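Undergrad: Sequence:
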Amino acid sequence: MSEDKKTFVEKLIAVQTALKAPKGQYNSFGKYKYRSAEDILNAVKPLNAEQGLLLTLSDEPLLIGDWHYIKATATITDGIIKESFTAYARESLTKKGMDDSQITGTASSYARKYALNGLYLIDDTKDADTDEYKKQEKNVKKITKKQLEQLRANFQKIAALKKVSEKSVEAQFLTIIKFDGKIEELDTEIHHKLMELTNRNIHKLENEQFFNDVME
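Note that this note's numbering gives residue 94 to position 94 of the sequence shown, counting from 1, and the numbers run on in steps of one.
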């Protein structure tokens, strides 16, 4: 079937099928590769052009409760019909070495990445780009039930000290280490680093609470 006789859906399926977006970024903290929104865009632009499709991205800041979110929408069109996918990312309260605009930019990048994932049917959890990545995955030791309980106990303690929900604490620390998966999928090395981070945080919060109690 010629390009001009393809329906919009057929063109989109052609792009989704042909798209191979490599993981061009490396997280030195967690020692794993990941793909960014820019990696996806670099791979998909020529495919969209071949099919006569136009991709646009837009951001919208939202305040939900006490949290600031970025709503990103990825829209693809042939000039007549369009398809969109929306994703959200929460802005961190603080991030070491970043000003407010950089924090917002980071949230925007995350939200746009997930919007693109949804639009082009990219599954980060199943995609492995290289043989080296597959070898690393094979050698990774997942955390045990006991290690998971230890980590959750720290999350619960921090939540109690900060008077926030355990889920928000978990999300905060997983964001810090840039881990996109489920907590049960952590490996032992990242678990060890998270335990160090949470233990330091607990110690700091307990010291602050003690100081406040003394001053009252």
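If you are wondering where the hints come from, they were derived from the structure by calculation, not from laboratory data. Because the structure is a prediction, the values reported are computed rather than measured. It cannot be assumed that every hint is accurate.
[As the list claims (entries may be wrong)] Listed next, the in silico DSSO-like pairs over lysine-lysine satisfying Cα-Cα at most 27 Å (straight line):
1. 71 x 157
2. 163 x 141
3. 157 x 146
4. 31 x 163
5. 204 x 162
6. 5 x 45
7. 204 x 163
8. 163 x 23
9. 193 x 71
10. 20 x 146
11. 141 x 182
12. 33 x 145
13. 167 x 145
14. 71 x 141
15. 11 x 23
16. 11 x 31
17. 23 x 6
18. 71 x 145
19. 162 x 145
20. 33 x 178
21. 45 x 23
22. 23 x 157
23. 23 x 33
24. 193 x 182
25. 162 x 141
26. 182 x 163
27. 31 x 178
28. 31 x 142
29. 163 x 142
30. 193 x 31
31. 193 x 142
32. 33 x 141
33. 167 x 157
34. 5 x 23
35. 5 x 71
36. 33 x 45
37. 163 x 146
38. 182 x 31
Undergrad: Determine for every hint whether it applies to the structure shown.
TA: So, going through the hints one by one against the coordinates:
| no. | hint | verdict |
| --- | --- | --- |
| 1 | 71 x 157 | 31 Å, violated |
| 2 | 163 x 141 | 33 Å, violated |
| 3 | 157 x 146 | 17 Å, holds |
| 4 | 31 x 163 | 32 Å, violated |
| 5 | 204 x 162 | 11 Å, holds |
| 6 | 5 x 45 | 21 Å, holds |
| 7 | 204 x 163 | 15 Å, holds |
| 8 | 163 x 23 | 38 Å, violated |
| 9 | 193 x 71 | 30 Å, violated |
| 10 | 20 x 146 | 38 Å, violated |
| 11 | 141 x 182 | 15 Å, holds |
| 12 | 33 x 145 | 26 Å, holds |
| 13 | 167 x 145 | 18 Å, holds |
| 14 | 71 x 141 | 35 Å, violated |
| 15 | 11 x 23 | 24 Å, holds |
| 16 | 11 x 31 | 37 Å, violated |
| 17 | 23 x 6 | 30 Å, violated |
| 18 | 71 x 145 | 35 Å, violated |
| 19 | 162 x 145 | 26 Å, holds |
| 20 | 33 x 178 | 11 Å, holds |
| 21 | 45 x 23 | 16 Å, holds |
| 22 | 23 x 157 | 35 Å, violated |
| 23 | 23 x 33 | 6 Å, holds |
| 24 | 193 x 182 | 16 Å, holds |
| 25 | 162 x 141 | 32 Å, violated |
| 26 | 182 x 163 | 23 Å, holds |
| 27 | 31 x 178 | 11 Å, holds |
| 28 | 31 x 142 | 14 Å, holds |
| 29 | 163 x 142 | 30 Å, violated |
| 30 | 193 x 31 | 12 Å, holds |
| 31 | 193 x 142 | 14 Å, holds |
| 32 | 33 x 141 | 17 Å, holds |
| 33 | 167 x 157 | 12 Å, holds |
| 34 | 5 x 23 | 34 Å, violated |
| 35 | 5 x 71 | 34 Å, violated |
| 36 | 33 x 45 | 22 Å, holds |
| 37 | 163 x 146 | 25 Å, holds |
| 38 | 182 x 31 | 17 Å, holds |
Hints 1, 2, 4, 8, 9, 10, 14, 16, 17, 18, 22, 25, 29, 34 and 35, counting from the list given before, are not met by this structure.
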